[in-house]
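Peer 1: Based on the provided sequences and hints, a complete structural model is requested.
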Amino acid sequence: DGGITQSPKYLFRKEGQNVTLSCEQNLNHDAMYWYRQDPGQGLRLIYYSQIVNDFQKGDIAEGYSVSREKKESFPLTVTSAQKNPTAFYLCASRSRGLGNQPQHFGDGTRLSIL
Amino acid sequence: SQQGEEDPQALSIQEGENATMNCSYKTSINNLQWYRQNSGRGLVHLILIRSNEREKHSGRLRVTLDTSKKSSSLLITASRAADTASYFCATDEGGGADGLTFGKGTHLIIQP
Numbered sequence: 003d004g005g006i007t008q009s010p011k012y013l014f015r016k017e018g019q020n021v022t023l024s025c026e027q028n029l030n031h032d033a034m035y036w037y038r039q040d041p042g043q044g045l046r047l048i049y050y051s052q053i054v055n056d057f058q059k060g061d062i063a064e065g066y067s068v069s070r071e072k073k074e075s076f077p078l079t080v081t082s083a084q085k086n087p088t089a090f091y092l093c094a095s096r097s098r099g100l101g102n103q104p105q106h107f108g109d110g111t112r113l114s115i116l
Numbered sequence: 004s005q006q007g008e009e010d011p012q013a014l015s016i017q018e019g020e021n022a023t024m025n026c027s028y029k030t031s032i033n034n035l036q037w038y039r040q041n042s043g044r045g046l047v048h049l050i051l052i053r054s055n056e057r058e059k060h061s062g063r064l065r066v067t068l069d070t071s072k073k074s075s076s077l078l079i080t081a082s083r084a085a086d087t088a089s090y091f092c093a094t095d096e097g098g099g100a101d102g103l104t105f106g107k108g109t110h111l112i113i114q115p
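Protein chains in written order, with the working numbering: chain E, 3 to 116; chain W, 4 to 115.
Pairs of lysine to aspartate or glutamate, EDC-like flavour, derived with a Cα cap of 16 angstroms:
| no. | chain 1 | residue 1 | chain 2 | residue 2 |
| --- | --- | --- | --- | --- |
| 1 | W | K107 | E | D40 |
| 2 | W | K72 | W | E56 |
| 3 | E | K59 | W | D101 |
| 4 | E | K73 | E | D56 |
| 5 | W | K29 | W | E8 |
If you are wondering where the hints come from, they were derived from the structure by calculation, not from laboratory data.
Peer 2: Here you go:
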């Protein structure tokens, strides 16, 4: 089955620590996205990538970094500069062809501070 | 900033009744999408309506779009307990591969 896999499902971060969230897709999609969701809120865009080796900042990129070395993978690093990292992180992908395509989401990673 | 705003924030109805959720947005869009999120899970795409469309159906779902009022509605007919979830509207402004802009969602509870 094609889809998006996020790991781990739960992650705990210590003060001053960087952590990396994994996102892998086998849908052959060019575009990939990272969103942050806080309790009772909608999703906010952190970073997105339209093509391998290229990515763009979203609305709340400060304290986060990404890489896109392979089409299938778009890992997100939450750095120690992100002072309020506790949230639910969602990865998504979309086909760029023909426009007007929906996004496909993984099941998320819940990050908490120890 | 979040463009879409859903109304109501929460809705509780009896099984079998219809549920209507509304979404307002601020800027021009290429399309508007509705997603469902079950507790602790990712989002599932329900329906996409293009800016030149006024109404779209998919099973028990009916979506309308009024670009002059910058608003959309999602109607779920003959609700079921399994429809209990949060529903989000999301706007696509560019039609390219940029990210979507989400509202805060409507939490729907279907009482058996």
